[in-house]
Structure formats: C-alpha cells, structure tokens
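> Listed in order, the protein sequences are those of chains A and B.
Residue numbers for the first sequence follow the working numbering, beginning at 12 and rising by one.
Residue numbers for the second sequence follow the working numbering, beginning at 641 and rising by one.
Derived from the structure by calculation, the hints contain no laboratory data.
Watch out, some of these pointers could steer you wrong.
Taking CB as the label site, the calculated pair distances span [what the hints assert, rightly or not]:
id: 1; chain 1: B; residue 1: Q1035; chain 2: A; residue 2: I180; range: 37 to 45 Å
id: 2; chain 1: A; residue 1: D160; chain 2: B; residue 2: Q845; range: 52 to 60 Å
id: 3; chain 1: A; residue 1: L164; chain 2: B; residue 2: G1239; range: 52 to 60 Å
id: 4; chain 1: A; residue 1: D129; chain 2: B; residue 2: S1115; range: 50 to 58 Å
id: 5; chain 1: A; residue 1: A59; chain 2: B; residue 2: T869; range: 28 to 36 Å
id: 6; chain 1: B; residue 1: Q967; chain 2: A; residue 2: Q47; range: 28 to 36 Å
id: 7; chain 1: A; residue 1: E167; chain 2: B; residue 2: Q1151; range: 48 to 56 Å
id: 8; chain 1: A; residue 1: S49; chain 2: B; residue 2: Q967; range: 44 to 52 Å
id: 9; chain 1: A; residue 1: K213; chain 2: B; residue 2: L867; range: 51 to 59 Å
id: 10; chain 1: A; residue 1: E167; chain 2: B; residue 2: Q967; range: 13 to 21 Å
Backbone N, C-alpha and C define an ideal beta-carbon position, used for all residues, glycine too.
Okay, here's what each chain looks like letter by letter:
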Amino acid sequence: MGVTCVCQVPVAEGKSVQQTVDQLHKKLEQLGAVKQGSFFVDCETYHATGNASGQPSKLLYVMHNSETPLSCMALFEGGPYLTADANFDVLMVKLKSHFQNAKGHKVESRGARYRYCDFLVKVGTVTMSSSARGISVEVEYCACVVPGDCWNLMKEFMQSFLGSNVPEIPSVFTSKPEGLFAPADCMDTMSQYLELFSKVRKQQVLPGSSVR
Amino acid sequence: MSGGPAVRVSIESSCERQVQEVSLDGVETYVPPLSMSQNLAKLAQRIDFGHGSDSDEEDPSRESRESDWSKQEPEEDGKFQVSLRKLIHYKIYSSSGPMKFQPCLWPWDSVRNHLRSALTEMCVLHDVLSVVKEKKYMALDPVSQDPSVAKTPQVFQLISKKKSLATAAQLLLKGAEKLSKSVTESQEQRRQRDFNAELLHLRSQWKLRKVGDKILGDLSYRSAGSLFTHHGTFEVIKNTDIDLDKKIPDDYCPLNVQIPSDLEGSAYIKVSIQKQAPDIGDLGTVNLLRRQPKARPGTVLIHFLISAQNVLLCKEIFAQLSREAVQIKSHIPHIVVKNQIISQPFPGLQLSISLCHSTVEKKNQRTSPDKAKPDDHLYVLEHNLHQLIREFHKQTLSSSVMPHPASAPFGPKRLRLAGPMAYDKAEISCLQHGEGLLEKIVKQAKHIFLRSRTARTIDCLASRIEDPQIQAHWSNINDVYESSVKVLITSQGYEQICKSIQLQLNIGVEQIRVVHRDGRVITLSHQEQELQDFLLSQMSQHQVHAVQQLAKVMGWHVLSFSNHVGLGAVESIGNASAITVASPNGEYAVSVRNGPESGCKVLVQFPRCQTKDLPKSDVLQDGKWSHLRGPYKEVHWSRMEGRNFVYKMELLMAALTPCP
C-alpha cells in the first residue's frame, strides 16, 4: 500500500467514454506499462432512518475495493471512517431499521489495472445505475507511504500520460493534522474515490454514453 | 402359689378416713373428708397464738417411737424382720399423717392413737401369719442371700485370679497397640506430607489436574499451540510399594508417574544427507541410538517426564513432516517408509529424516551393529526442526485473535484480521501460502549441503594449487537460507600489490551468486564443477593481473591486456588471458599468456639488433630499422628460479631492465 492519487479525467471532446479509456490504455502501453488484471471499486449509500432530532441525517457510504478483497469500508462524509471485514455487509442488512439502502445510488468504477515498475495505474469507468458517468484514474506509487516524499514524482509520472489533466495534491493528504508526512493508508484512497463519486453523482448524465 | 385358687389378698392402710362409728352389724361409718375451707378453719383453730408452733415438739417424740420400734426388731424372727419392719413403718406413716394435725384433746390422746394403730397392725400381722400358716394362699421364701459373700473354693480363686490377670494383660496390650498405631500414623502422615510436598513441586513444573480420584498431568504442547492429536496425559500415583520396616532408600520418591507406553524411552529426529541411495531393503530401519546419560536419583522423575515430552514432540514433528511429504507435490516425490522420510534435494543426493525412538529394553539389542557407521547426523537441522515446530505452534496460538461473531461464517483463523486491517492481495497471498515444515527443512538442508560443498571445493583447490593462493573468509553470522564467503586470490609475498581478485560468494538454497569486486554478478548453479571451473579461471586471470600490477611497480609499460584472448588453443574451461608489457626503455617486451588449463607461456621479445641469426632483409637496409622489435623467444618457465609465478616474473623483468 503506497501513496495513491485518484482523479477524474474528462471525456475527450467528440469521443465517448469508452474511446477515451481506450486512448488512455494505449498511452500507458506505449509507456511500457503492463496490464495486470482488472479492478473495481464500488460504493453504496445508506440513509440513517429514525432521526428524531430533526437534523439533516448524514449519509453512510459502504465501499469495497478489489485491492483489499476481504475488507469492507464504511465512511461518513468527512469522517469517521471504519474498516471491517466482509461481514459488515451482512451486518448492514441486519441494521435495516436504522440504515436504509438507497438502491439507485450505487456507484462503481471498473477497469483495467496497469503496472509500470513501482507505479500501479487503474483506469476505470465510473458507472451509476448502468450508465457511464465518467472516467477515474488511480495512480499508486507502491514504493513509498509518505505523500510529501513522492508527490512530485507522481505528478511527473501522471503528466506523461494525462497531459494537462494532472490534479493537484489530494486534499486528504493536505488536510491531515500531521501534514503531508503522515503515512497514507487505504482510507485515503477510499475517501478520494468517495469524493470523486459524489462529484460524478451530481453532474449531468453524459449524452449518448452507455456501458460497454 | 400359682397353683392355688385365685384369691386376692390385699393389705392396705387401715384408716384413710377416720371411722366415726361402727354399727352393730360391723359397718363402719367414716367421717367425711374435710373440704379445703373446713380444713383451713380447723387448722386455724389449732393455732395457739400465745405459743410458737407445737408441731416441732411432737416430732422428736415420734422419732423416739420409731427408734423404739426398731430396737424391738432384733427380738423378732430374723427372717421376717425386714419385711415386717417395712410394713409397720408404712403403717405408722400413713396413719400418723392425718393425725398429726389433730388437736390435742387430752394428753394421752396421741398415746392412745398409737396404741390403737399398733393394735391394728398386730391384727393384720396376725391375719397374715394365719394365712401363711394355712400354706394354701401364701408361702414364705427365705430372703435371698448375696452369693459373693459365700465362701469360694481355692480352685475358683485361682481361676479368678488368672482371669483378672488376663484382663490386665489385655488392657496393657491394647494400650501398646494404640501407641504403635499412633507412631505408624505419624510416620504415614509424614510420608503423606512428603507426598503433598512432592506433588506441589511437580505442580510447579507440570500441568496437573484432578479427575475423579486420579491426578492427571499434561505432557502435550497443546497449550503452546500444538494441534497434535495425541492426548499426552500422564497419571500421578502414590508410591506405596515400600516396606515400612526397612530403611527408606535415598532415592525414594513418594510420587510415581505413569506415562503412556508409546511415550516411554527416548527419541530424537535424525536428519542426514547421504550421497548415494541405500538399498530399498534398508529403508525404515534406521535406528541409531545415543547413549542416555545416567540421571541423578533426585531428578529421575523430572527427567522421565521431560524425555516423555520430548518423545511426544518428536512424534509430532515426524507426523507433521510425513503428512506434508504425502501432500506436497514435487518433481521427485518424497518417500515415507516406516520411520523415515526420504527426499531428494539435489540429484544423486538424499535427505533422510527419521524418527529414532528407543525404549530401554531395546537398547541392549541394537547398539552393536550401528557403531561402525559414521555419525552423519546433522544436529543443526534437528535443532532447526524443533525451532520450526515451535514457530508453527506459535502461529496457531495467535495472540491477536478477533472475537468471532455468531453470525459470521467460519474461515481460516489467520485471515481473521485481513479484513479489518485492510490487507491487500499480496499480504493475503503471503498469509495463505505458508511453507510447510518439510519444505523449509529441505531448503535448509539444501543450503547446508551447498555451503559445506562450497567449503570443500575451495579447500580442495587451495590445497591442490599452491601458486595463486586462495583464502576464504567465512562470515560467522548466517541466515538459515543464506551465508556468504569472501574469497581472495593472492600470490605469496605480493599480497599488497595483487589484490585484484576478490570474490564474494553468496551461497543460497539452489545457487551461488558470485559478486566481483567491480560489481559484476555471476550466478552459479548447485553443481560443484561450475564453482571449481570458475575459481580456476579466476586464478589464471589473477596471474595476468599480477603481471600487470607488477609492471606498474617495476616501471614497465603495458602494451596490451586481455582477459579473454580469442587466439590460440581453445581452453576447456574459461578463456586464456594475456598481457604484453614493454621494458621502460622499450627494448624488450614480455608477453604472458595464461590459460586455466594450458598453463602459462612466457615469451620475451628481443630487439632486432640483438638477434644475430636474422637473415638480412633486402628491404630493411637502413640502420634505423634495427630498433624494430625482433622475434619472440619462449622462456623455459619451469626452469626459472623463484618460488612462485610473480617472483619469477619479477626476476625476469629485473633481468631485462638495463642497469642505469
């Protein structure tokens, strides 16, 4: 588990989501990256029911990542976070009376996984209720866990295939009380994905896009 | 009397109530008894308030009368004496009771009353006697006498004395018995205390528990994480087979233990590496027995238990190994025969792991035939096996086990933390694929074998080849799978200038990695020949390198240098290397070719002017051409003086350098 940066890549003009993804794949392969299977990240939304105090209830997001296949992450937006084993899904079914699953809000990102030396690149299509909404790119530098030490390297690497779409350093790293030099963990990745998913959820449905 | 007719004779007190009047026909009229108030009034009348109580004065008179009566008794017949007295006594009391309270009418009243009552008594007595006389209704028996008073004859006296003596003796004996019993009891108690103390001592070192009326101990490593199915219990019993009368031997222990019969004796795991496979008929009969040290008496019990536990552990190791040997698929299958596991780490080499379990009885039979064999037991691997099984135990006894929710499915224990700790794929696969005991030990055996063979190869070369010297520096700290040795190739006397060949040999499990001084890495396989050839080629290169270094020191110029010469005879191992150096003034040149197999060949090139036998050329007429290099001449190297190659070369160079 290294330092991870998740960003959204806009769909190229005049092209479909799939075409843009293919283009990214091509660029990565030209770089010398090797395809290593596939990945998925999904996110389900739960409403808290029976909130008596009248406050707007916080949404609970339950996420899975193929990179940690035995784990299940539960997040509230802005914290707190929780990592549990796969039994957590069963538990959520049992807690039906407290947390209601918002069926239509399931978002997931699926795609191919590339390895380029110490870098792990995952290019995924973000889909929501079987319609493609965007493209996510996750870059992980496995050789380091301190974001402050390797951000520039990662930025340079991302420039090589994303061009001008390189994001700024993710706010998860900068907002930590310990600063940039706190070790990164899987929760940082998941909260970046969550941020991306909520951004995707709000945006308009892309015209003429559909799942492969 | 029983035979007589049923006539009842009752003798009763005469006058309970006072007779008022006796009529002519003999009917007595009684005075009706006084009521309580009448009685009280009567009593009150009697009281003379002028005097004290007069009843006190009456009593002595009555006493005296009684004594009078008793004085008269001896005059009567002795046989009737007692019964009569009782009778009369009774009469007097019963009659005088109510009369006592009667007022004194006149002074003789009491006398008269007594006389009258006496008369009545006499009448009764007369009646009784007359009845007795008839012998019809009553009989008189003599009053029974105390038999002890009777005089006993002497025989009886003797018998009784004897009897009483016997009783006394019995009493004494009983006392003595009680005393001796209490002594034994106290001794028994002391022994019981010893037993308890020993039990406590045993408990401090072994797990004991009470089941029913038995005390059971636990030999197994279950609490340490072992999953071996052998129950491994021993029973603690009290040692009672000792004679109390005899002196207690020094090594007596009130405790005794009973262990399962299959854990008796001593056992160890024998690990050995053999070159050639033994006959298949010999398999499974490995039984090398080590001498058992004689235990001191006080510690017998503990040693006994420790050795039993050791047997259990050895059995567990062997069971684990044989299970893995059957499960693991390898190119050359592992063979499990009886108490032996045979594996083939390298071709033509076999690793045998055998469980040697010896009970005391078998010891005498087996010792002789095995003595001739050299002991090829690898103690390091045996030790490592023990370490590995303990590591294995520790793994199962993970301290950070999560509580298991009731609704959760059962999964492997080790993966329990994978979810909450967010393990990624690599970590999970690392957790899932654990190497077995057998795989680990085979790897270790491979490494040990490779290391020892490397050492032997180097030593062999060092002793066989004298000229370039080989020094091997083994590192003391090794991993179980990797160790390293530094090999230096030098020439004697020139160690300071000939340091070019320094090799670091990293000996792994399957292969040897050689790291040169300049950073080149060569990987050699486990074959012995490869290492030998490599070292030989390095030694041959060393000679040429030494010449190069020497030339630098001597002020000669290096004209050409090649580690791998493409010309000349082809070497079977490696390549020949060559160097050509020119003397400081350029007149002479020395060319050295050194091959690992062909050996060294040294040629000296003379200046053209020094060679007389050259035919005059038509072209090279001019004198300046005489400075051209001349032909080469080979040096008879073996005839050169000097103890080694570099020394000889130095001498040669010195000879070819003109004196200034």
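> Take the hints in turn and mark each one as holding or not.
Evaluated hints:
1. Q1035/B to I180/A: 37 to 45 Å: holds (41 Å)
2. D160/A to Q845/B: 52 to 60 Å: holds (54 Å)
3. L164/A to G1239/B: 52 to 60 Å: holds (56 Å)
4. D129/A to S1115/B: 50 to 58 Å: Since the Cβ atoms of D129/A and S1115/B sit about 31 Å apart, the hinted range of 50 to 58 Å is violated.
5. A59/A to T869/B: 28 to 36 Å: Given range 28 to 36 Å: violated, Cβ gap about 51 Å.
6. Q967/B to Q47/A: 28 to 36 Å: This hint holds: roughly 30 Å between Cβ atoms.
7. E167/A to Q1151/B: 48 to 56 Å: For E167/A and Q1151/B the Cβ distance comes to about 38 Å; the hint is violated.
8. S49/A to Q967/B: 44 to 52 Å: Roughly 33 Å apart at Cβ, these two residues miss the hinted range, so it is violated.
9. K213/A to L867/B: 51 to 59 Å: Between K213/A and L867/B, where Cβ atoms are some 55 Å apart, the hint holds.
10. E167/A to Q967/B: 13 to 21 Å: Because 49 Å falls outside the window, the suggested range is violated.
Checked against the numbered hints above, the structure breaks hints 4, 5, 7, 8 and 10 and satisfies the rest.
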